[in-house]
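At the far end of the sequence shown sits residue 123, using the numbering used here, and the numbering has no gaps.
To be clear, the hints were calculated from the coordinates, so they are not data collected in a lab.
Keep in mind that the hints are not guaranteed to be accurate.
Said to hold, decoys possible - Simulated pairs of lysine to aspartate or glutamate, EDC-like, Cα-Cα distance not exceeding 16 Å:
| hint | residue 1 | residue 2 |
| --- | --- | --- |
| 1 | 42 | 62 |
| 2 | 42 | 66 |
| 3 | 8 | 36 |
| 4 | 8 | 32 |
| 5 | 81 | 18 |
| 6 | 8 | 78 |
To be verified - Here are the in silico distance ranges between beta carbons for each label pair:
| hint | residue 1 | residue 2 | range |
| --- | --- | --- | --- |
| 7 | 58 | 20 | 16 to 22 Å |
| 8 | 90 | 6 | 26 to 32 Å |
| 9 | 1 | 52 | 19 to 25 Å |
| 10 | 23 | 62 | 19 to 25 Å |
| 11 | 60 | 36 | 16 to 22 Å |
| 12 | 8 | 52 | 38 to 44 Å |
| 13 | 87 | 23 | 14 to 20 Å |
| 14 | 8 | 90 | 20 to 26 Å |
| 15 | 87 | 28 | 24 to 30 Å |
| 16 | 13 | 53 | 40 to 46 Å |
| 17 | 7 | 40 | 16 to 22 Å |
These numbers were taken from a predicted model, which means no experiment stands behind them.
Ideal Cβ positions, reconstructed from N, Cα and C, are used throughout, including at glycine.
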Amino acid sequence: MKELIKKKVLSKNWTFNEIADLKSTITIICNDLAEELTLMEKFNLANEVRIKESYVGMELYDVLGDIVYNTLQLQVAETIKELLNTATISFGGNNNEISTNGLVGKPNKKRTADEKKKDDTKE
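My request is simple: use the sequences and hints to build the entire structure.
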């Protein structure tokens, strides 16, 4: 499961806002994973979880969904934490560089700085 979570996390280019709002990001990843898991994979996730008293009287489908979601949340949070501990940040995503030709392009002919305008000679 951990490799599937890593693959899911690493397959996307995250914005700073998405990483800063980890609760929301974990929820999105958990929802995606819960939809992708087969029923057997869900049962395997819930296999070692102890049943709480609050689950008494609930339908199996609801209990299984709750256990799977809570287990996924823990695993996704742990995986993201491990990945962030070794992550580096590059602030080069949006390069607002000026082209080598400047803003208006190349001039048609070379001009000197002391060149007089044609209008300056007619006084």
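Hints versus structure:
no. : hint                 : verdict
1   : 42 to 62             : holds, 12 Å
2   : 42 to 66             : holds, 11 Å
3   : 8 to 36              : holds, 11 Å
4   : 8 to 32              : holds, 9 Å
5   : 81 to 18             : holds, 14 Å
6   : 8 to 78              : holds, 14 Å
7   : 58 to 20: 16 to 22 Å : violated, 35 Å
8   : 90 to 6: 26 to 32 Å  : violated, 20 Å
9   : 1 to 52: 19 to 25 Å  : holds, 22 Å
10  : 23 to 62: 19 to 25 Å : holds, 23 Å
11  : 60 to 36: 16 to 22 Å : holds, 21 Å
12  : 8 to 52: 38 to 44 Å  : violated, 28 Å
13  : 87 to 23: 14 to 20 Å : holds, 18 Å
14  : 8 to 90: 20 to 26 Å  : holds, 21 Å
15  : 87 to 28: 24 to 30 Å : violated, 18 Å
16  : 13 to 53: 40 to 46 Å : holds, 43 Å
17  : 7 to 40: 16 to 22 Å  : holds, 20 Å
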